[in-house]
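Asker: Chain residues, written in single-letter form:
2 protein chains.
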Amino acid sequence: MHFVIQREQFVQSVQHVNKAVSSRTTIPILTGIKIDASTAGVTLTGSDSDISIESFIPTADEEIEYVDIKESGSIVLQARFFADIVKKLPGDEIEISVQDQFATTLRSGSVVFNLNGLDPEEYPRLPKLEEDQTFFLPQNLLKDMIRQTVFAVSTQETRPVLTGVNIENNNEQLTCTATDSHRLAMRTAATETESDELSISNVVIPGKSLNELRQILEDTDERVQIVVTDSQVLFKFKHLLFFSRLLDGKYPVTNNMIPEQSKTTMELSTKDLLHSLERALLLSKEAKNNVINFKTLEGSVIEINSVSAEVGKVTEKMTCHSLEGEELRISFNGKNIIDALKVIDSEYVHIMFTGAMSPFVIRPADHDQMLHLFSPVRTY
Amino acid sequence: MHFVIQREQFVQSVQHVNKAVSSRTTIPILTGIKIDASTAGVTLTGSDSDISIESFIPTADEEIEYVDIKESGSIVLQARFFADIVKKLPGDEIEISVQDQFATTLRSGSVVFNLNGLDPEEYPRLPKLEEDQTFFLPQNLLKDMIRQTVFAVSTQETRPVLTGVNIENNNEQLTCTATDSHRLAMRTAATETESDELSISNVVIPGKSLNELRQILEDTDERVQIVVTDSQVLFKFKHLLFFSRLLDGKYPVTNNMIPEQSKTTMELSTKDLLHSLERALLLSKEAKNNVINFKTLEGSVIEINSVSAEVGKVTEKMTCHSLEGEELRISFNGKNIIDALKVIDSEYVHIMFTGAMSPFVIRPADHDQMLHLFSPVRTY
Chain A
36 MHFVIQREQF VQSVQHVNKA VSSRTTIPIL TGIKIDASTA GVTLTGSDSD
86 ISIESFIPTA DEEIEYVDIK ESGSIVLQAR FFADIVKKLP GDEIEISVQD
136 QFATTLRSGS VVFNLNGLDP EEYPRLPKLE EDQTFFLPQN LLKDMIRQTV
186 FAVSTQETRP VLTGVNIENN NEQLTCTATD SHRLAMRTAA TETESDELSI
236 SNVVIPGKSL NELRQILEDT DERVQIVVTD SQVLFKFKHL LFFSRLLDGK
286 YPVTNNMIPE QSKTTMELST KDLLHSLERA LLLSKEAKNN VINFKTLEGS
336 VIEINSVSAE VGKVTEKMTC HSLEGEELRI SFNGKNIIDA LKVIDSEYVH
386 IMFTGAMSPF VIRPADHDQM LHLFSPVRTY
Chain B
36 MHFVIQREQF VQSVQHVNKA VSSRTTIPIL TGIKIDASTA GVTLTGSDSD
86 ISIESFIPTA DEEIEYVDIK ESGSIVLQAR FFADIVKKLP GDEIEISVQD
136 QFATTLRSGS VVFNLNGLDP EEYPRLPKLE EDQTFFLPQN LLKDMIRQTV
186 FAVSTQETRP VLTGVNIENN NEQLTCTATD SHRLAMRTAA TETESDELSI
236 SNVVIPGKSL NELRQILEDT DERVQIVVTD SQVLFKFKHL LFFSRLLDGK
286 YPVTNNMIPE QSKTTMELST KDLLHSLERA LLLSKEAKNN VINFKTLEGS
336 VIEINSVSAE VGKVTEKMTC HSLEGEELRI SFNGKNIIDA LKVIDSEYVH
386 IMFTGAMSPF VIRPADHDQM LHLFSPVRTY
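If you're matching them up, the sequences are chains A and B in order. The number in my numbering is simply the position in the first sequence, starting from 1, with 35 added. The number in my numbering is simply the position in the second sequence, starting from 1, with 35 added.
The shape of chain A in the complex, shown without the other chains (with noise of 0.2 angstroms):
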């Protein structure tokens, strides 16, 4: 194997495959990066095994020459070393040229790194996953989905198949649902698909995974396909391909939890009522149980307070912009609803309660794509 590459390019690719690899696997050869050089160009790839990712960099794009491949061949490089050389190399291009016994060279300006490589023989396969199973999102819509989500998944390993966002498409539309039994997070959105017939459910992706993706994907409308069968998920991307396994077990149905009817109903200021619990939160945080106290007054205002036996108490009222049906008094944790506050990029909320000891709601005032769910706590 021997190739000359832009550095930009290489590095930015390096960096992406690297999400994918963990020094904590078992497995020593995927502690590294696979390195296959083609004639059509340089294919990079990591994985733990749970994610696997694989960036191309071809050898010319329109009038640009990425790569000159000198002779094609593959090697694995320690990633923990190589991810920082590549980034430190000091000249806008980089030789990579392996020898016998895997003993692999970089150059780069006045710089010559020998490193000890790794049989890439041994490195394993990624699937061929069978297409027929895909819809596409936007790479943004996407991001902005995952963040909407992921937030509300478990992170408790008893029921591992909640520590994953569960996936449906149905009639073209995406719902993606994440809970740790305590809050429940939904987004829907419109998808393409090329069949009418696609119908798919109970496809669980590990939170772990969508962190990751989400790192990956850019603020552009540019189109991501997602391909999905019944052990693994694919999402591909122009020069990227990025593989997560799919979490074991039956999602639990969620669509009946969510109340109906509402016998109090306000819409509020979302950063008024963002700032106002975290601030409540600096002293419930200390009593460790994150609990808030909120009721409705008279005259459209709500009072929201909190008590640390050691620290002291907070009070604050606050106008809602609108409020309807019963009185009110409940409890509930209060880090939950800022986690859900904080990814509601609407500037107003409608929250609705059906009385002090039933689950609520909090919307976006402007849309109804988006959906969380909360228990509330018993203070007594």
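Think of the hints as simulated: they come from the structure by calculation, not from any bench. There may be inaccurate statements among the hints.
Copies of the same chain look alike in the list, so a pair counts if it fits in one copy or across any two.
[Said to hold, decoys possible] Taking lysine-lysine pairs in the BS3-like style, the calculated list, with each CA pair at most 25 angstroms apart, reads:
| # | residue 1 | residue 2 |
| --- | --- | --- |
| 1 | Lys123 | Lys370 |
| 2 | Lys105 | Lys370 |
| 3 | Lys123 | Lys377 |
| 4 | Lys271 | Lys370 |
| 5 | Lys370 | Lys122 |
| 6 | Lys298 | Lys105 |
| 7 | Lys54 | Lys320 |
Note that the structure is a prediction, hence the values are computed from the model and not measured.
With chain A fixed as given, assemble chain B onto it according to the hints.
Answerer: What follows is chain B alone, placed relative to chain A:
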């Protein structure tokens, strides 16, 4: 105690004094910030018994009114919560009042915090220092001098006096020295004094104190007054007092350590050398000893290399701006040299070697107010 204060000024003062407060103190009252309201203004104090910081907000400054004092008095409030609370209050003003039993109320906008205060009579009084040993420095120069020396203090408690920076002031010349016995950083500057006979030596300020002070210092040439006593040092700003204890013990005499002659002298680009050593450190860090090898070649060229048995090796050649004297092969702790190069603001450095087994010196090429001394590492 009862006053109304501009939030912005108050937040900044709280943040300043909070730097002195440690949550790990064994003296409960020191987990708090003391607030004193008098007719002149509001004074805040924080202390961990090593460092004490006092910040004063006058009632008014020229045309702006900062504080409206309604009743004089004092209180101590838990620093951990208080600093977060004032930062998150919504209004431009904060009203603070103390009721019975040190119960304290903070009001801002529609928010009310009721906090449990502590008895201000328990709070230790700050010392009144004799101001007969005193000199002056611009803030930005003091900030530079700290940055350029404090990184070299020892982090090991086996010789406590080396965990501080030694200050000497003779003939209006200030010298700051830090060493961990493997490397030494020295910085000098002209100071202003009020007496010709000022002679300060063996004044060792803990590195930790200087790191806190550095965060308060601003990039202005306004003067700071420095007051030295046998056991304490005081930095006096316009509205801020920063006290630190001094370290006990005799600071080593360092002047005679610095070689006066040089067998090999070179001038190099500071940035090129820094980046080259950073690349070499990638591998020598893995070998866990940070050892980098350095040698002169023909024609004003030097070679830098490092080896990790596991990962591989790196070799880099660099052309010197100038190179004079004997051939040289030397090994050193690359991390120490990198630390020093990072605080040298000059474009070029002079390196003066006196043989492979002797200490060597790095200086900025364009002034003689800074010097870094290093022991070589024996590799055979």
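Asker: It remains to establish, for every hint, whether it holds in the given structure.
Answerer: Going through the hints against the structure:
Proximity of lysine 123 to lysine 370 under the C-alpha cut-off of 25 angstroms is restricted to the inter-copy arrangement: shortest distance 16 angstroms between copies versus 40 angstroms within a copy. For the identical chains of this complex, lysine 105 and lysine 370 are neighbours neither inside a copy (57 angstroms) nor across copies (37 angstroms), given an alpha-carbon limit of 25 angstroms. For the homomeric pair lysine 123 and lysine 377, the shortest alpha-carbon distance between copies (16 angstroms) is at most 25 angstroms, but the shortest distance inside one copy (36 angstroms) is not. For the identical chains of this complex, lysine 271 and lysine 370 are neighbours neither inside a copy (35 angstroms) nor across copies (42 angstroms), given an alpha-carbon limit of 25 angstroms.
Only between protomers do lysine 370 and lysine 122 lie at most 25 angstroms apart by alpha-carbon distance; the minimum there is 19 angstroms, versus 38 angstroms within a single protomer. In this homomeric assembly, lysine 298 and lysine 105 never come within 25 angstroms of each other (Cα to Cα): the closest approach is 72 angstroms inside a single copy and 46 angstroms across copies. Taking the shortest alpha-carbon separations for lysine 54 and lysine 320, only the inter-copy value of 22 angstroms comes in at or below 25 angstroms, while the best intra-copy value is 33 angstroms.
Violated hints for the displayed structure, listed by number in ascending order: 2, 4 and 6.
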